[in-house]
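J.: Listed here are the chains, written in short residue letters.
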Amino acid sequence: MNVIEHGRGKPPLDPHLKALENEAIHIFREVAAEFERPVMLYSIGKDSSVLLHLALKAFHPGKLPFPLVHIDTGWKFPEMITFRDEVVARHGLDLIAHTNPDGLRDNVTPFSHGSSRYTDIMKTQALKQALDMGKYDAAFGGARRDEEASRAKERIYSFRTPDHAWDPRNQRPELWSIYNGMIHTGESVRAFPLSNWTEVDIWRYIQAEKIELVPLYFAKRRKVVERDGMLVLAEDKRLELLPEEQVREEMVRFRTLGCFPLTGAVRSTATTLDEVIAELEIATVSERQGRAIDRDQSGSMEKKKREGYF
Amino acid sequence: MTSQHLSQALRPGEDILDVDPHPELAGRQARPLRFITCGSVDDGKSTLIGRLLWDTKAVKEDQAATLRRDSTGKQNELGLPDFALLLDGLQAEREQGITIDVAYRYFSTDRRSFFVADTPGHVQYTRNMATGASTADLAVLLVDARAGLLEQTRRHATIAAMMGIRQFVLAVNKIDLNNYDEAGFQAIARAFREIALSLGVRQVTAIPVSALKGENIVTRGDDVMPWYSGPTLVEVLEKATQRTGQTTGFRLPVQRVSRPGEGFRGYQGTVAGGSIKPGDSVVVLPSGVEANVKAIVTYDLVRNAAVHGDAITLVLDRPVDVARGDMIAAIDQRPMTGRAFTARLVALSPDGVVPGKRYWLKAGSRRQRVLVRPTSQLDLSTGNWDDATYLPVNGIGVVELDFEDVAIFDSYETNRDTGAFILIDPESLNTVAGGMIDGRRSKTGRFDALPDADRATVTLPARLLEAFLKTEFARSHAGEIKVTGPEEAEGE
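Those protein sequence lines, which keep their order, are chains H and C.
The working numbering puts the first residue of the first sequence at 429, with every later residue one more than the last.
The working numbering puts the first residue of the second sequence at 2, with every later residue one more than the last.
Check each hint, because a few of them may be wrong.
[Claimed, not checked] Residues from chain C shown here face chain H by an in silico Cβ test under 7 Å; the list is partial:
(1) Pro33
(2) Tyr107
(3) Arg112
(4) Ser114
(5) Gln125
(6) Thr132
(7) Arg147
(8) Leu150
(9) Gly310
(10) Ala324
(11) Leu349
(12) Asn431
[Claimed, not checked] Straight-line alpha carbon distances no greater than 27 Å define the calculated DSSO-like cross-link-like pairs of lysine-lysine that follow:
(13) H:Lys446 x C:Lys58
(14) H:Lys491 x C:Lys278
(15) C:Lys278 x H:Lys446
(16) H:Lys648 x H:Lys504
(17) H:Lys438 x H:Lys638
(18) H:Lys446 x H:Lys504
(19) H:Lys438 x H:Lys651
(20) H:Lys665 x H:Lys648
(21) H:Lys446 x H:Lys485
(22) C:Lys214 x H:Lys485
(23) H:Lys556 x H:Lys504
(24) C:Lys58 x C:Lys214
(25) C:Lys295 x H:Lys446
(26) H:Lys556 x H:Lys638
(27) H:Lys491 x H:Lys563
(28) H:Lys638 x H:Lys491
(29) H:Lys491 x H:Lys446
(30) H:Lys563 x H:Lys665
(31) H:Lys638 x H:Lys648
(32) C:Lys295 x H:Lys485
(33) C:Lys295 x H:Lys438
(34) C:Lys278 x C:Lys295
(35) H:Lys438 x H:Lys563
(36) C:Lys295 x H:Lys491
(37) H:Lys438 x H:Lys504
(38) H:Lys651 x H:Lys446
(39) H:Lys438 x C:Lys278
Hints are computed from structural coordinates only; laboratory data are not their basis.
Keep in mind the model is a prediction, meaning the values are calculated, not measured.
Quick reminder that beta carbons are idealized off the backbone N, C-alpha and C, glycines included.
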C-alpha cells in the first residue's frame with residue numbers, strides 16, 4: 429500500500445527509522461496505560477531530546493500523561509539548563525528538577541569526592557530520591573543497548589526492586605513485543621523505548637525530524653583544558669586549574685553531555701547536523717569514550733546499574 | 002544446491018522497498034532484519050558475531066582497547082582480541098566464560114541494518130533461545146565442520162521453527178580446521194536440509210565459514226574454497242525476507258483511549274495486521290459493535306492509510322464504547338473469539354507450568370485470567386510429542402487454555418502479533434511462559450482454527466494415526482488439517 433504522510437514540511441522517514449519510531453511509541457503507550465505513576469527521566473542530551481520527541485508523538489493530540497524529572501547535579505553545562513527551560517516552556521511540560529540535598533549540604537563535587545563517589549551521590553542517590561518522592565512506578569529512560577556491554581543484556585522493561593536494584597541474572601524474559609507490566613507495591617520498572625537504537629540512528633532521526641539540540645553538540649571555539657587525556661570545558665569558575673594546566677581555545681564539540689568536569693570534548697569542525705553525521709560515520713571511537721565514569725573499571729556500568737543508576 | 006536455495010530466499014521486491022527517498026541513507030532502505038544465532042560454546046558463536054561486528058566496523062577503537070586490556074593473554078593467533086569478551090557483557094558471564102542471557106547487537110552494511118539476538122546454547126537456556134527467536138525473521142545455526150550436526154542442532158532448529166522462523170542459515174564453521182573439505186560440508190548441509198524440511202522450513206542456506214579467519218562471513222573465501230560459489234553470510238542476511246505480510250485482515254489492539262478534550266476520542270495502538278484507511282468498516286471486539294474509520298491521526302498531521310507495524314491513533318465515525326484491551330478489526334476478516342483455545346507453550350520459569358493454576362495471560366494489550374492444562378510435551382531429542390500434564394522449565398508443550406472472559410486471537414501461524422501471548426504468575430508476577438495460539442477449541446474439545454470445510458482431511462489407519470499426531474508437522478498444522486481414523490471417516 430502506498431502510504432502518504434503529510435509531514436510538517438519533512439519527507440517521510442525511511443523504513444528503518446520508521447520501524448524504530450513505531451516501536452518506541454508502542455512502548456510509551458503501553459507503559460502509560462499500565463502503570464499508575466509513570467515519569468520520564470530527562471537529561472537534556474540528544475537521546476533525551478529524541479525520547480521527548482517520541483513521547484510527544486505517542487500521545488498526540490493529547491499532552492504528555494506524565495511529568496519529567498531532571499536530576500540536576502549542579503555541575504551541568506549552563507547551556508543545558510537554558511535549553512531545558514526553553515523546551516519546557518515551548519511544550520508546556522511538567523518538569524521536576526531535583527538535586528540531592530545531602531550532597532549539597534556536604535558540598536560533594538567531582539573534584540572533592542572523585543568521579544565514582546560523586547556520581548553515586550549526585551546522580552544515583554539523587555535519582556532514587558526523586559523516584560521515591562514521586563512514588564513513581566515506571567520511569568522512562570533514553571538508554572540504548574549499543575552503548576555498553578551490560579546494557580546489551582537489558583530488557584526494554586527493566587525490573588527494579590523496591591531499593592531500585594537491577595539483578596542482571598534474574599531478569600524477566602521478554603518475548604515478542606508483549607511487555608509484562610505487573611509489579612508488587614514498591615517495585616518499579618525502568619522502560620527504555622530507545623533500546624534498539626544506535627548512535628547513528630539517533631542522529632539520523634534528529635536530522636529527519638528536525639529536533640532541536642543543545643548547541644554544545646556542534647563545534648565552536650571553546651575554552652578547554654586537557655586533563656587525564658580529556659578535553660574539559662574551562663568556562664566555569666569552579667574548575668580550579670592545576671599548576672601545569674593551560675586553558676586553550678579550540679574548535680570542539682561534545683558527543684555526549686553530562687557534568688562538565690566529567691565530560692570530555694572532541695576536536696571537531698562539525699558545525700551542522702550533516703557534518704556531525706558525516707563525522708560519526710567515520711568515527712573510530714565510541715561516544716562513551718568521553719565519559720570518565722565509564723572508565724573507572726571494566727564492568728563499572730553494570731555495577732552502577734545494579735545499584736540503581738540508569 | 003546452495004545457489005538454488007538462495008534464489009528461493011531472494012524473492013525480489015518482497016521486503017526491500019523499491020522507493021528510496023533518501024539515496025544518501027544507504028543501508029536504511031529496508032526495515033532492520035532481526036535474526037538469532039544459535040550454537041554451543043565450542044562452535045565459535047561468539048567469534049562469529051565478533052567477526053560480523055568487527056568486519057562491519059561496529060566495534061570502535063576504545064571498545065577494542067578495553068577488549069585488548071581485558072583479554073591479555075587470550076588473543077588468538079591472528080592478533081585479534083577475544084570476541085567473547087565483547088559479547089558477554091555481564092560480570093558473571095566473564096567470570097564463568099559462558100553466555101547466560103540473550104544479548105542484542107547492532108550492525109549495518111551499506112544495504113541494511115541488523116539486530117542480532119545472541120542466545121546461549123545450553124539445554125538449560127532453551128527459554129533464552131525462545132526469547133531471542135520470538136522476534137527473529139531468520140536463524141543462523143552454527144556447527145563445527147569437524148563435529149557435524151549435533152543433537153542440539155536439531156533442538157535449536159525445532160525451537161526456531163516453532164517460534165515461527167522460516168529462514169535458516171547453517172554456518173558450517175571451522176572449515177579451515179577441516180582442510181576446507183567440500184564433501185564433508187555437503188554431507189552436513191544435506192543432513193541439515195532434511196531436518197529443516199521435516200520442520201516445514203524450506204529456505205535454507207548452508208555456508209562453509211571460518212569465523213576466526215573471516216572467510217565467507219563478510220568477505221569471500223574464494224582463495225581457500227574455490228568450490229563454493231554461494232553467498233557469504235552477510236549476503237544472505239542482506240537479502241533475507243521479513244514476515245511483513247500478515248495473512249489476516251486489519252488488527253488494532255487498543256493500547257489506550259486518547260481523550261484530550263470534549264471533541265476528540267482516538268484509539269491508540271500499533272497495527273498488528275493488514276492495513277487501514279479512512280472509510281474502512283471495522284468491528285470492535287469483543288463487543289461486536291461496528292463502525293467506520295473517520296481519520297488516522299498522527300503527530301505528522303493526517304495520514305491516508307496505515308499498515309502493519311504503524312503506531313497510530315484511529316478515530317471512528319460514531320461514538321462507540323472502546324477500552325484498552327479491545328481489538329478493532331476488519332469487519333470481513335475477523336479474528337477468532339472464544340473462551341477455549343489450544344496453544345503451544347515454552348515454560349520459562351523454574352516452577353514450570355502447573356495445571357489448574359489461574360495465570361494472567363497477556364496478548365497484545367489484553368490481559369485476562371486463564372486456566373492452563375498441559376496435554377503433551379515435545380521431546381526435543383526425538384521430535385515426538387508425548388502425553389504430559391505438567392511442563393517443567395524449558396519444556397515445550399501443547400496446552401488447553403480456558404478463559405473466564407472472551408479472548409481474541411488469530412493463530413500464530415497466520416499472525417505472529419495477535420497469535421502470541423505470555424503467561425504471568427499471579428503471585429510472583431514473573432513472566433513464566435511464552436505461548437503461540439494454534440486454534441480455538443469448541444465445546445466438544447475439537448479444534449477449529451479453520452472451518453471444517455476449509456481444512457484438508459487426512460485419513461489414516463489407526464496404527465499410523467497416533468504416530469502422525471505426535472509429529473511437529475501435525476502439531477503446527479493442526480488448524481489446517483482434519484485428521485480422522487478410518488471408522489470416523491466412514492461414519493461421516
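J.: Could you work out which of the previously given hints the structure breaks and list their numbers from low to high?
T.: Hints 3, 5, 7, 8, 10, 18, 19, 22, 26, 30, 35, 37 and 38 not satisfied by this model.
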